[in-house]
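Trainee: Each chain, letter by letter, is given below.
Protein chains: 2
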Amino acid sequence: MSKRLKVLISNDDGIHAQGINTLAEWLCKFYDVVIAAPDRERSAMGHAISLHKPLRVEEVTVPYPVEKAYAVTGTPSDCVKIALNAVLDFRPDIVVSGINHGPNLGNDVLYSGTVSAALEGIINGIPSVAISQMNGNEKFADFNASAEFLCNYLPKILEANLPPKTMLNINTPAVSTHEIAGVRITQLGHRMYSDTYEKRVDPRGGVYYWLAGEIVNTDDHEHSDVIALRNNCVSVTPIQFDLTNHTVLADEATLARLKHE
Amino acid sequence: MSKRLKVLISNDDGIHAQGINTLAEWLCKFYDVVIAAPDRERSAMGHAISLHKPLRVEEVTVPYPVEKAYAVTGTPSDCVKIALNAVLDFRPDIVVSGINHGPNLGNDVLYSGTVSAALEGIINGIPSVAISQMNGNEKFADFNASAEFLCNYLPKILEANLPPKTMLNINTPAVSTHEIAGVRITQLGHRMYSDTYEKRVDPRGGVYYWLAGEIVNTDDHEHSDVIALRNNCVSVTPIQFDLTNHTVLADEATLARLKHE
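Protein chains in written order, with this note's numbering: chain A, 11 to 271; chain B, 11 to 271.
You may find that some hints are simply not true.
Chain copies aren't distinguished; within one or between two, either way the pair holds.
[As the list claims (entries may be wrong)] Below, in silico cross-link-like pairs of lysine-lysine (DSS-like), each with a Cα-Cα straight-line distance of 30 Å or less: (1) K39 x K63; (2) K209 x K166; (3) K269 x K209; (4) K175 x K63; (5) K166 x K39; (6) K78 x K269; (7) K209 x K16; (8) K39 x K16; (9) K13 x K63; (10) K166 x K63; (11) K269 x K63; (12) K39 x K209; (13) K78 x K175; (14) K175 x K39; (15) K16 x K78; (16) K78 x K39; (17) K16 x K269; (18) K269 x K39.
Since the hints were made in silico from the structure, they are not lab data.
Chain A on its own, in the form it takes in the complex (with noise of 0.2 Å):
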């Protein structure tokens, strides 16, 4: 009998969202699944992790037949952090963040908790990837077609042997799975946001904002995650954590402005 892989599944939508439990139930008939996820939602968290205050870990039922399922009053990073360094007592295989209920796309992934939960993985030296599917209305979203893939993709992601501090950024259509056009090996697009504030005023006469921003520009090459994703492909992209340019360190014109005596 072959021994089956180690996954450990967060999120950044919390351990109750639909996302990731389409994803446990899923991947709990291939492979030995254990959960650590945030208590609650936290979205556009980007790679925050906790210091200054104390983390509960709870471990908690979920609906199908995971090894352990823990809740933990953190950040996506912070779940993953604790799970591999003083929770778990093995090594996974793999980390899967998701599936995230909405796109990870482009400059999004900046600013996303899925991405950061699989960076975390990687940072301790794990293959991982996050998985995110474009329709982010829980009552719409069917996640099961997101959920097929990645089960059938994972042993793919482990046999591909990427370089070091590299994950993939998985991003899926939201159409079932006879619907899904190709698998794309792509780059990260440019989404551009309006980035505009809503200024209310409270009952009290104080002012307040939201933040309001609509995709105005997706300049985008053909290659891009964002194109893939609007022909109904999913779009897989290599994604670094190492954020030095190296292209403006080799270009000697650069360096000798950026020079100081």
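Fit chain B to the given chain A structure using the hints.
Mentor: Chain B alone, transformed into the frame defined by chain A:
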């Protein structure tokens, strides 16, 4: 009379921190300065933004002649985003985030609120820089050398004409101006943490955890920011917010392994 440059300052230690105070005090001498910073400490926030709660922006008084100073009830990213899109009636020439109390070196930049505030400037198309000082202890840190360096270096940053989506991450040693051994253009180094969690029990028997990670290994090459600081140099690292790993995308063998029929 030459037009003075317009500088937007933010940070993650909060608008009343010593680091931002000293920075503003110095920049005011040469530039038109506006502050938009968190109303309180927001360290390790990563690139978080507030989607689910409104922001309040309060004009506050600070003890140096800035044009305006705004305290924002949000993250460092929120501060820069709302300043640029809702509060300011002009476009700053540069965004400066800091001076952070403590270094932002190597992988730490992923967690850094200081860096995320500057990234938000870049996302909005404005040249941006994050500056951090090695000594995080307010009592012992003298931010004057760091602030003086930035004042002098600022025109160079604008003249450097960096590629799009690229900012500078600066770290300064905790020494006085005449003890700074030089300025190095660097890449992000590798700081590894033990990421241990201290398990404790509250008076009611509940278990909670504190993150207590210590630096265990800085496996660094000679051009890293970590090594620059170790030699009492200022490190200037160009960092980008395009996370795509283009090396993987150019590698046919890996692409073949990732392919999915």
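Trainee: Does each hint fit the structure? Answer for all of them.
Mentor: Cross-check of the supplied hints:
no. : hint        : result
1   : K39 x K63   : neither (37 Å within a copy, 39 Å between copies)
2   : K209 x K166 : neither (48 Å within a copy, 37 Å between copies)
3   : K269 x K209 : neither (43 Å within a copy, 47 Å between copies)
4   : K175 x K63  : within (28 Å within a copy, 33 Å between copies)
5   : K166 x K39  : within (17 Å within a copy, 58 Å between copies)
6   : K78 x K269  : neither (54 Å within a copy, 32 Å between copies)
7   : K209 x K16  : between (48 Å within a copy, 25 Å between copies)
8   : K39 x K16   : within (12 Å within a copy, 59 Å between copies)
9   : K13 x K63   : neither (38 Å within a copy, 46 Å between copies)
10  : K166 x K63  : neither (38 Å within a copy, 40 Å between copies)
11  : K269 x K63  : neither (41 Å within a copy, 43 Å between copies)
12  : K39 x K209  : neither (49 Å within a copy, 33 Å between copies)
13  : K78 x K175  : within (27 Å within a copy, 41 Å between copies)
14  : K175 x K39  : within (29 Å within a copy, 43 Å between copies)
15  : K16 x K78   : within (12 Å within a copy, 54 Å between copies)
16  : K78 x K39   : within (15 Å within a copy, 59 Å between copies)
17  : K16 x K269  : between (49 Å within a copy, 23 Å between copies)
18  : K269 x K39  : between (58 Å within a copy, 23 Å between copies)
In the structure shown, a violation is registered for the earlier hints numbered 1, 2, 3, 6, 9, 10, 11 and 12, in ascending order.
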